[in-house]
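Engineer: Sequence:
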Amino acid sequence: MTIDLYQLALFALAFATMVASPGPFVAAIAARSAAFGFRTGAMMALGATLADSLYVVMAVLGLAAVAQTHAWALELLRYIGAAWLIWIGIGLLTARTSIVQPEGGPPVSDSMMRAFSVGALLNLGNPKAALFYMSIFPGFFDMTALTIWDAVAILCVTIPVGMASDCGYALAASKARGLLRNERAIRRVNRTTGGVMVGAGTAIALA
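Residue numbers (the working numbering): 258 to 464.
Hint data in this document are derived by calculation from the structure and do not stem from the laboratory. No experiment lies behind these values; they were computed from the predicted model shown. Ideal Cβ placement from N, Cα and C applies to all residues, glycine included. Among the hints, erroneous ones may be present.
Have a look at the derived ranges for each label pair, beta carbon to beta carbon [to be verified]:
hint, residue 1, residue 2, range
1, G396, M258, 13 to 23 Å
2, M370, L463, 37 to 47 Å
3, V314, D261, 16 to 26 Å
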């Protein structure tokens, strides 16, 4: 391994600051967690984190060019993920019954695999991710000397930091459900979260 703990610490600080910044994907996780509960948001975060991990390995091994030579396929994945979010958001906006249950009750069941797939598709369909890592890594590491073990060390930073940030947003959004005490307020949350999902999906598609 060619990188040391000091380099990893500096990178961890920069990476934590970056992933903690709210964006369309964070909004999507928060909205989905508010509607369906923490586990759904956590699964979406897991899918996104594993997709990010693939890009980290690609960047360390110098394969970010894949994001350029196969940009059309990655773009297609991004549009599929964004369309999925928009579809779920429309479902919330047009639902005749509440998705979120009153008195902090359990949410209507949502597929964990579907949540995982949406998170993975959105990040796999983002060719800017590999290019981002290729652009930021040289500021912290010697790209000519990185090995697979260096990639493992970097993943030991990116995976827990990324999951902690996304799950933090998911937990905060899901806890907000417990504050709801009447059907009107719940329906308002359904409309709000649905609108956020549609907006987040649109922003991701147009990014």
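Engineer: Next, verify each hint and record whether it holds.
Structural biologist: Outcome of the hint check:
Under the hint 13 to 23 Å, the C-beta atoms of G396 and M258, about 19 Å apart, fit the expected range. At roughly 27 Å, the beta carbons of M370 and L463 sit outside the given window of 37 to 47 Å. Checked against the given bound of 16 to 26 Å, the beta carbons of V314 and D261, roughly 20 Å apart, stay inside it.
Hint compliance for this structure: hint 2 is the single one not met.
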